[in-house]
Structure formats: structure tokens, C-alpha cells
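So the sequences go chain by chain: D and A. Heads up, the first sequence is in the working numbering, so the first residue is 1 and it goes up one at a time. Heads up, the second sequence is in the working numbering, so the first residue is 1 and it goes up one at a time.
Calculated from the structure, these hints are not laboratory results. Positions of the beta carbon are idealized from the N, C-alpha and C atoms, including for glycine. Do not take every clue at face value.
To be verified - Below, in silico cross-link-like pairs of lysine to aspartate or glutamate (DMTMM-like), each with a Cα-Cα straight-line distance of 25 Å or less:
| no. | chain 1 | residue 1 | chain 2 | residue 2 |
| --- | --- | --- | --- | --- |
| 1 | A | Lys164 | A | Glu59 |
| 2 | D | Lys123 | D | Glu65 |
| 3 | D | Lys88 | D | Glu267 |
| 4 | A | Lys224 | A | Asp90 |
| 5 | A | Lys157 | A | Asp176 |
| 6 | A | Lys157 | A | Glu170 |
| 7 | D | Lys95 | D | Glu83 |
| 8 | A | Lys94 | A | Glu33 |
| 9 | A | Lys164 | A | Asp90 |
| 10 | A | Lys94 | A | Asp156 |
| 11 | A | Lys224 | D | Glu92 |
| 12 | D | Lys271 | D | Asp156 |
| 13 | A | Lys124 | D | Glu267 |
| 14 | D | Lys157 | A | Glu161 |
| 15 | A | Lys124 | D | Asp202 |
| 16 | A | Lys224 | D | Glu267 |
| 17 | D | Lys88 | D | Glu72 |
| 18 | D | Lys298 | A | Glu98 |
| 19 | A | Lys224 | D | Glu72 |
| 20 | D | Lys257 | D | Glu65 |
| 21 | D | Lys257 | D | Glu72 |
| 22 | A | Lys124 | D | Glu65 |
| 23 | A | Lys124 | A | Asp176 |
| 24 | A | Lys88 | A | Glu33 |
Said to hold, decoys possible - Covered by chain A, per the in silico footprint, the following chain D stretches (three or more residues, Cβ under 8 Å):
| no. | stretch |
| --- | --- |
| 25 | 72-82 |
| 26 | 105-115 |
| 27 | 136-142 |
| 28 | 248-254 |
Listed here are the chains, written in short residue letters.
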Amino acid sequence: MKPEMKPGSPVAPHPEAKPEQTRTAFRRRIDASVVSVAPIYAFTLLFVVGPLIYMFVLSFLRRAETWGVLREFTWANYLNILEPIYLKTFWESLKLAGFTTLFVALVGYPFGYFMARLSAAWKRRMMLLLMIPFWTSSLIRLYGWIIIFRANGTLDKILMGIGVTNAPLKLLYTYSAVVVGMIYALVPFMIFAVYSSAEKLDWQLVEAARDLGATPWQAFATVSFKLTLPGLLSGVVLTFIPSMGLFFIADILGGNKVILVGNLIQEQLMKARNWPFAAALAVVLMVLTSIMIALYRKVSGVKDLEGLV
Amino acid sequence: MRKRSRIPGVYLGIILALMYIPILLVIIYSFNESRISSVWSGWSLRWYRELFRDRDIMEAMTNSLVLATVSSLSAAVIGTLAAVGMPKADLRSKGIIEYLSTLPIMIPEIILGMVFLVYFTLIKLPFGMVTLTVAHTSFCIPYVYMLVKARLVGIDKSYAEAAKDLGATEWNVFWDITLPLILPAITSGVLLAFAMSLDDVVISVFVTGVNTNTLPLKIYTQLKTGVTPKINALCTLMFGSTMLIVLLSSWFARNSVRRTERRNTNEEAPGIRNSVGLVR
Numbered sequence: 001m002k003p004e005m006k007p008g009s010p011v012a013p014h015p016e017a018k019p020e021q022t023r024t025a026f027r028r029r030i031d032a033s034v035v036s037v038a039p040i041y042a043f044t045l046l047f048v049v050g051p052l053i054y055m056f057v058l059s060f061l062r063r064a065e066t067w068g069v070l071r072e073f074t075w076a077n078y079l080n081i082l083e084p085i086y087l088k089t090f091w092e093s094l095k096l097a098g099f100t101t102l103f104v105a106l107v108g109y110p111f112g113y114f115m116a117r118l119s120a121a122w123k124r125r126m127m128l129l130l131m132i133p134f135w136t137s138s139l140i141r142l143y144g145w146i147i148i149f150r151a152n153g154t155l156d157k158i159l160m161g162i163g164v165t166n167a168p169l170k171l172l173y174t175y176s177a178v179v180v181g182m183i184y185a186l187v188p189f190m191i192f193a194v195y196s197s198a199e200k201l202d203w204q205l206v207e208a209a210r211d212l213g214a215t216p217w218q219a220f221a222t223v224s225f226k227l228t229l230p231g232l233l234s235g236v237v238l239t240f241i242p243s244m245g246l247f248f249i250a251d252i253l254g255g256n257k258v259i260l261v262g263n264l265i266q267e268q269l270m271k272a273r274n275w276p277f278a279a280a281l282a283v284v285l286m287v288l289t290s291i292m293i294a295l296y297r298k299v300s301g302v303k304d305l306e307g308l309v
Numbered sequence: 001m002r003k004r005s006r007i008p009g010v011y012l013g014i015i016l017a018l019m020y021i022p023i024l025l026v027i028i029y030s031f032n033e034s035r036i037s038s039v040w041s042g043w044s045l046r047w048y049r050e051l052f053r054d055r056d057i058m059e060a061m062t063n064s065l066v067l068a069t070v071s072s073l074s075a076a077v078i079g080t081l082a083a084v085g086m087p088k089a090d091l092r093s094k095g096i097i098e099y100l101s102t103l104p105i106m107i108p109e110i111i112l113g114m115v116f117l118v119y120f121t122l123i124k125l126p127f128g129m130v131t132l133t134v135a136h137t138s139f140c141i142p143y144v145y146m147l148v149k150a151r152l153v154g155i156d157k158s159y160a161e162a163a164k165d166l167g168a169t170e171w172n173v174f175w176d177i178t179l180p181l182i183l184p185a186i187t188s189g190v191l192l193a194f195a196m197s198l199d200d201v202v203i204s205v206f207v208t209g210v211n212t213n214t215l216p217l218k219i220y221t222q223l224k225t226g227v228t229p230k231i232n233a234l235c236t237l238m239f240g241s242t243m244l245i246v247l248l249s250s251w252f253a254r255n256s257v258r259r260t261e262r263r264n265t266n267e268e269a270p271g272i273r274n275s276v277g278l279v280r
């Protein structure tokens, strides 16, 4: 468990080096770089790799009758996911994630694109203006939506005030409330992703297309859109993946009406106490996530998520 | 010159307004005198006074501050040492370890939370501040690591070489040259990590103990069961402190870039700012 002591890290002495020098050189390397990466090795192996491996193993173990797990191999947890009720949850999650991603793209893409066309000073101001809601705790933002959506809340008052409706709409604890909450939470990711790719766009290409007779719309569709597609795609990945797991938005804005994979995992862990099943659900969710990322890499030919690294 | 359309400006304005309205509502209602939060009965600081008298909330606040401080500082040590040592370390596994160490901010939070819950039970860590600290440190490390790593790329290697030629040891070089140069990046990373820890709900829900509460956990339970106006005041205070921390962090990050003496400062700054903004 001490990777820094691994054999095979080449410490072969230089042929002409005196033994004395070799030893100090060796000691120096042990002292400096290897010692300084030792903590991250230890922490990562113990608290990242260990837990992930355990989750994987756990997903193949049988649940004990009363509490805990038995050391018995089984496929039962994965087969359990194929029960119609759980498949439906996965399907609902994917659908909600799809909806959310679509709306996030519709709202976020123009924002990121327009933002990239601003002057340098305005870009900086915009960044700052975006950072504030982005960094605000998701709980506070959710609470804001509760104030807006609840019966006799802000939205009801406005709508009744201008005479659109004459009774409270009861928007809180509905599917739409969850979708709005999700869009709101995730739209900054899309904006940043699109912006970072639109910012690198060479606007002279657009100008050239216009000079050659393209309408603004044609120039956008044939030049700008294609060149900002990697940004849009990474935005889609950055939106789609978290929207499968944001259980607390569904929890708070949806009451108990909207059940996502995230809610299911939490329920199995905390209430049903069926840990092997929760682990299997998490493994499937992670596999789905990895497939998304792999597909994205294949389609876009980009190695890292744009703007992420 | 083609004439500039007004649509982009209006669009940006509307979306920004929509982003700010929920937050502003929480802040405004925190100054509401009335006990019933949907009725406005005048400005008052009443709920702030009551907030500071609430023993449970004060205890949660202490927990949150201790937790954020310990996790972000542990991450500072581990992350900085790793960022400095990785390029020099002669280990074949370093690429994979680097990747694995950033997983806590890449995989969905709910999975990280559940994975910790089952693992901590397995290795019998006592649930409460200990487990919270380990879990928070895991997602704090990548912030420090990535910011320091980005900063190190910009440092002229000749400083360290010159020092070594003059007889400085590896330690001297780190302490007298590298560390002062990367200090703004470390500070920036620590502040971000601090803010992330202070705000975390999802992972904390899974790894907290029966009697340990943090501020976000307190807010989360109240949002589910029913809010008191005190929570508005608490949310407003948390909003204020997060903003302060993030602004300080981005100030340090920009400072760190400016000192890099690069010709292409303008190109570099958004990159760093993006990495600050996006990784969440």
C-alpha cells in the first residue's frame, strides 16, 4: 500500500557517478518529490479508490435478512433494477434530464454566444454577474423558488394582480416546479461551456461569410454554430450528468411526486437500508455517466470537457 | 459597419434578472417583520436577533466553520505538495492517481455521498465531524491541486535552476522560491474549497452523524419540513459570506496570474477564471 516504494521506479546509477553521489541523488528524490506526493497517494487510495472499489464489490453481495450484508456473490441486485418499477424510475430520470438539458441549451446557448460578442470590459462584468448566482448555495436558490411558487407566493400574487388568474395556482410540488429548479441550477454550466468555446471563435470567419452574401442566419448556421458545437456538447454533458443525481431539487420542489434515480438511491440507503441494491443503482448510474462522456469524446474529438480543465 | 441589434443586450438582461430574482426574494424577506412569510409587514432585523439566540443554529454554525477550515487547510497541504511534487516525481502511476484524485468533483455528488457512507461504515470511522472532515477534504483537494498546478505551469523554471546552481537544496527552493510564487494560487484554492465545504448539502446528508448538524443540513431539513423566518436571515448571511469568499478568491487568482509576467495575460485570465467557476 506504499506506492512510493514500488520496485521498478528507475534509480539506476549513472555509470560514472561515484557511489557517494548516487546515494545523495537518490535520497534527494525520495526526500523531495516522492515524499511530497505521498499524502495525495495515501488519501486517494484510502478515501477515493477504496470506497469506489467497495461500492462495486457491495453491489454483488447479498443483503442479510435483518441488517447488513452477507459475503455471498449474487446478481440479484442488478436483476432487481430490471423490475418495472425501478426501470420506470430510470426512464423518468432520463426523461427529466433530457427535458432539463434541452431547456438549458435553449436558454444557455444564446446567453453564452451573445456574451462572447461583448466588449472585454462587459465580458468581465458579465462573468462577475454570473459568478454570484452560480456560487450562491443551491439551497438558497431553491428557497427563492419556494417563495415564488408556493400558494399565495410571489408568482400567484403577480398573476392575480394583473388578472390572469383569480385563484392560487398551486405550482409548488409539481413536475414543472422541478424542471424550473433544475434548469435554474444547471444553466450556468451551459453558459460557461458555450462562452468558452464562442470566445475562441474567429469572428472574421463570420464576417467573411456575410461578405460572401450569407444572411446573418446562414452565417450563424454554417460558421458560428458549427464552431461552437464543442462548447454546446460539453454543456450538454455538464447538464445531463448532474441532472440525473440532483435528488434534493426533486425532493424540495417536487414533494414526493417526482422520484429520480437519485431519490431512489437515497431511499434505499437511508430508509430501506438495502445497501447492495443502492450500490448496484449507483454503479449503473456511473456506467451511464461514463457512456455519456465517452460518446461525447467520440463525437467531438475533444479529450477534456471544454472549460473543465 | 453593420448595425448592432439590441436583442442580445435585452436577452442577457432578462436572463440575468431571472437568475437574481429568487436570491433577492430570500434576502428581502429576511428583513420582513411578519412571522408569516408570505405577508409583508415592514422592515425589521428581528429575525437576525432571533437567529443569534438560537442555540442549535449557533452550534451548526460552529460546526460548519470548523469543518470548512479543517478540510480546506488539509486540502491545502495535500494539494499543494502534490501539485509541486507530481511533475518531478518519477512514478509511473502518477497519471492515474492524478485522475483518481479529481474524481470527487467529477462523479455525481450523490454517488460520492453514498460511497462514503458505506465505506466509512466498513472501516468503522465514527460518523460526525470525523467523517464529514474526510469527505469534505476529498472534494477540496482538487480545487487546490488544479489551481496550484495551473499556476506552476506559468512559473519561469530558471528561478529554481539559478537557486540550485547557487547551492540551494530542494527544500530551500520550495520554501524560498516556489512557495511565495504559488501562494496566491494556494490562497485562491483554499478559499474556493472553503466556500464549497461551507455550502455542501448532498455529501453531508450521507456522512453526518446523528447529532452533528451543519448550517446547510439545518436549512435542508427546514426546507423539507417547514421554514421559519430565521432561515431567511440565515440564508442571507450565508449568501453574504460565500460572496465575500469567492470574490476574495478570484482576486487572489487574478493576482496570481498578473504576477506571472506573461505576455498573454488576457488570454490566461479567463482560463483560470473558468477553472474557478466551472468545477463544481
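Hints, one by one, checked against the model:
1. A:Lys164 x A:Glu59: violated (50 Å)
2. D:Lys123 x D:Glu65: Violated. D:Lys123 to D:Glu65 sits at ~60 Å, over the 25 Å cutoff.
3. D:Lys88 x D:Glu267: holds (16 Å)
4. A:Lys224 x A:Asp90: Since the Cα atoms of A:Lys224 and A:Asp90 sit roughly 51 Å apart, the hinted pair is violated (cutoff 25 Å).
5. A:Lys157 x A:Asp176: holds (14 Å)
6. A:Lys157 x A:Glu170: Status holds; Cα separation ~13 Å.
7. D:Lys95 x D:Glu83: Holds, at about 18 Å.
8. A:Lys94 x A:Glu33: violated (58 Å)
9. A:Lys164 x A:Asp90: Given that 25 Å is the threshold and the Cα spacing comes to 19 Å, the pair holds.
10. A:Lys94 x A:Asp156: Judged against 25 Å, a Cα distance of about 23 Å means the pair holds.
11. A:Lys224 x D:Glu92: With Cα atoms ~22 Å apart, A:Lys224 and D:Glu92 stay inside 25 Å; holds.
12. D:Lys271 x D:Asp156: violated (35 Å)
13. A:Lys124 x D:Glu267: Roughly 22 Å between the alpha carbons, so the hint for A:Lys124 and D:Glu267 holds.
14. D:Lys157 x A:Glu161: violated (68 Å)
15. A:Lys124 x D:Asp202: violated (56 Å)
16. A:Lys224 x D:Glu267: holds (15 Å)
17. D:Lys88 x D:Glu72: Roughly 28 Å between the alpha carbons, so the hint for D:Lys88 and D:Glu72 is violated.
18. D:Lys298 x A:Glu98: holds (23 Å)
19. A:Lys224 x D:Glu72: violated (38 Å)
20. D:Lys257 x D:Glu65: It is violated: about 30 Å lies between the C-alpha atoms, which goes past 25 Å.
21. D:Lys257 x D:Glu72: violated (36 Å)
22. A:Lys124 x D:Glu65: holds (21 Å)
23. A:Lys124 x A:Asp176: violated (42 Å)
24. A:Lys88 x A:Glu33: violated (60 Å)
25. 72-82: Answer violated; 0 residues pass the 8 Å Cβ test.
26. 105-115: It holds, with 5 qualifying residues against the three required.
27. 136-142: With 7 residues in contact (Cβ-Cβ under 8 Å with chain A), the coverage given for the stretch 136-142 of chain D holds.
28. 248-254: Since three or more residues must qualify, the claim that chain A covers the stretch 248-254 of chain D holds, with 3 doing so at under 8 Å.
In the structure shown, a violation is registered for the earlier hints numbered 1, 2, 4, 8, 12, 14, 15, 17, 19, 20, 21, 23, 24 and 25, in ascending order.
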